[in-house]
Amino acid sequence: MTSEPAPNLLVLRIQPDEGISLRFGAKVPGTRMDVRPVNMDFRYGSSFGTDTPEAYERLLLDAMIGDGTLFTRWDSVAASWELLTPVLDAWRDGASPLQFYEAGSWGPDAARELIERDGREWHRM
Amino acid sequence: MTQTLNPLREGLRLPRMPDSCAVVVFGATGDLTARKLMPALYNLSRERMLPGGFSIVGFARRDWSDGQFREIMKDAVARYSREPLQDELWDSFARRLHYVSSTFGDPAGFERLGERLALQDEAHGAGGNRLFYLATPPQSYAQVAQRLGEAGLARPEHGWSRIVVEKPYGRDIASARELDHDIGGVFRERQIFRIDHYLGKETVQNILVFRFSNGIFEPIWDRRYVDNVQVSVAESVGIEGRGNYYEEAGALRDMVQNHLMQVLALVAMEPVASFRGDDVRDEKAKVFKAITPIHDIGRDTVRAQYTGGAILGTQVPAYREEQGVEPRSAVETYVAMKLGIENWRWAGVPFTCASASGCRSARRRARSASTGRRSTCSRR
Chain A
8 MTSEPAPNLL VLRIQPDEGI SLRFGAKVPG TRMDVRPVNM DFRYGSSFGT
58 DTPEAYERLL LDAMIGDGTL FTRWDSVAAS WELLTPVLDA WRDGASPLQF
108 YEAGSWGPDA ARELIERDGR EWHRM
Chain B
565 MTQTLNPLRE GLRLPRMPDS CAVVVFGATG DLTARKLMPA LYNLSRERML
615 PGGFSIVGFA RRDWSDGQFR EIMKDAVARY SREPLQDELW DSFARRLHYV
665 SSTFGDPAGF ERLGERLALQ DEAHGAGGNR LFYLATPPQS YAQVAQRLGE
715 AGLARPEHGW SRIVVEKPYG RDIASARELD HDIGGVFRER QIFRIDHYLG
765 KETVQNILVF RFSNGIFEPI WDRRYVDNVQ VSVAESVGIE GRGNYYEEAG
815 ALRDMVQNHL MQVLALVAME PVASFRGDDV RDEKAKVFKA ITPIHDIGRD
865 TVRAQYTGGA ILGTQVPAYR EEQGVEPRSA VETYVAMKLG IENWRWAGVP
915 FTCASASGCR SARRRARSAS TGRRSTCSRR
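Heads up: the protein sequence lines correspond to chains A and B, in order.
Counting in our numbering, the first sequence runs from 8 upward without gaps.
Counting in our numbering, the second sequence runs from 565 upward without gaps.
One thing to keep in mind: the hints can contain errors.
As the list claims (entries may be wrong) - Here are the in silico distance ranges between beta carbons for each label pair:
no.: 1; chain 1: A; residue 1: 82; chain 2: B; residue 2: 626; range: 48 to 58 Å
no.: 2; chain 1: A; residue 1: 89; chain 2: B; residue 2: 675; range: 53 to 63 Å
no.: 3; chain 1: A; residue 1: 49; chain 2: B; residue 2: 878; range: 39 to 49 Å
no.: 4; chain 1: B; residue 1: 811; chain 2: A; residue 2: 40; range: 53 to 63 Å
no.: 5; chain 1: A; residue 1: 45; chain 2: B; residue 2: 689; range: 53 to 63 Å
no.: 6; chain 1: A; residue 1: 106; chain 2: B; residue 2: 846; range: 31 to 41 Å
no.: 7; chain 1: B; residue 1: 782; chain 2: A; residue 2: 106; range: 46 to 56 Å
What the hints assert, rightly or not - Here are a few chain B residues that face chain A, going by a calculated C-beta distance under 8 Å:
no.: 8; residue: 605
no.: 9; residue: 724
no.: 10; residue: 744
no.: 11; residue: 758
no.: 12; residue: 760
no.: 13; residue: 765
no.: 14; residue: 767
no.: 15; residue: 806
no.: 16; residue: 821
no.: 17; residue: 909
Hints were generated in silico from the structure; no laboratory data involved.
These numbers come from a predicted model, not from an experiment.
Even glycine gets a Cβ: it sits at the ideal position worked out from N, Cα and C.
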């Protein structure tokens with residue numbers, strides 16, 4: 008084996024094309040020992056059909072039943088705001104200046120630098 | 565593979581039929597009611613998930629009659645329901661629809677609502693149970709809660725009373741606290757249901773099932789095997805006429821604070837003892853406590869805005885050229901940030917979140933969570 012195998016990648020697709028896929032290395036058919044990443048793929052559509060209730064159906068029903076599991080409790084709302092309010096404040100004061108990206112591009116270069124700085128890269132959806 | 569003990573199955577045995585109740589929708593003439601709430605209630609009724617004594621009261625300023633309300637809602641359901649509208653089913657559903665016209669500030673309107681609900685208790689047998697749904701602009705949340713309290717509807721003597729609050733729940737920590745203080749002055753935490761519709765998505769609910777109902781993933785779901793986690797939302801469309809709303813929100817408030825953080829918590833949380841009551845929410849709260857504050861905001865966050873371009877062949881104007889957007893607006897349509905979770909499971913594993921509008925994507929409006937595993941692991 009000459010090259011470093013690609014890392015395994017698990018993707019949970021929330022919407023659209025709902026499903027889960029797992030990437031792993033497989034031997035490329037042939038006389039050489041070449042490895043290429045391939046995907047195992049689960050799709051809601053093909054496993055369960057497409058008649059999935061809307062999120063609001065489940066949530067309205069749960070609220071009528073009195074089950075708050077799928078609703079956000081105050082402590083997590085507060086914790087999330089406590090984490091992110093300093094970001095909003097710092098942005099207002101000029102930290103992390105506003106970047107621009109062309110509509111239809113993969114996003115601003117700065118976002119790529121953010122993740123590539125420590126040797127990772129965005130999984131492109 | 566051995567069958568693992570599965571606490572998530574516990575919840576499945578609970579009866580899923582609610583008590584007879586009345587659902588009161590504040591903001592009944594608005595977009596959310598037409599597009600989401602009414603089609604959802606109709607489909608629940610179609611699938612016989614609603615109790616016999618169920619009824620709905622629309623509450624809004626417009627001067628509509630019960631008849632007008634029913635007619636307009638019929639059009640909405642015909643247009644937005646995931647299943648085609650069936651006339652007979654609709655007719656029996658429509659008999660449960662009522663309407664009260666009032667501003668959200670007028671105490672007399674809430675008196676009328678109370679009388680109406682009492683009548684409906686008799687007619688439909690709702691037993692005094694009420695679910696109040698705030699589908700109003702957020703500026704009205706506190707006022708509606710307060711008026712409900714004054715009208716004696718928040719803590720009924722018979723039956724239960726709950727309030728469902730839509731997003732946004734505040735626009736920073738101070739306004740969120742203020743809102744919680746106002747609503748919490750009338751309703752107890754147990755009565756308050758803050759909606760994050762991501763949590764109602766099948767695929768999001770499945771995150772916990774995937775992790776904890778399968779024996780093979782959880783043992784490697786930690787910093788020894790996971791190199792990094794990405795939670796991304798990419799909308800391959802611009803803001804499409806939502807300029808007024810977006811100018812007040814931006815990507816961080818609109819997507820990250822609520823949806824992305826909730827998904828992140830589900831990916832990162834510890835196993836639950838059960839899927840009931842507060843168990844899941846307790847574990848999510850622990851994740852939030854363990855997230856390290858972002859010390860270097862200039863370094864670990866990115867905010868950006870899209871300029872004009874073509875998305876998959878369709879020409880899109882720049883954000884600043886959208887209707888309702890300031891020509892020099894600094895509102896972000898893209899945000900990315902790197903977070904760390906300081907606990908045994910995740911120390912050293914970066915969680916990178918991104919929410920993007922107007923971006924390219926292999927799939928239209930893609931939302932996903934992914935974990936890249938260490939390549940060393942694949943060689944073992």
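When the hints from earlier in the document are held up against this structure, which numbers fail?
Hints 1, 2, 3, 7, 15, 17 not satisfied by this model.
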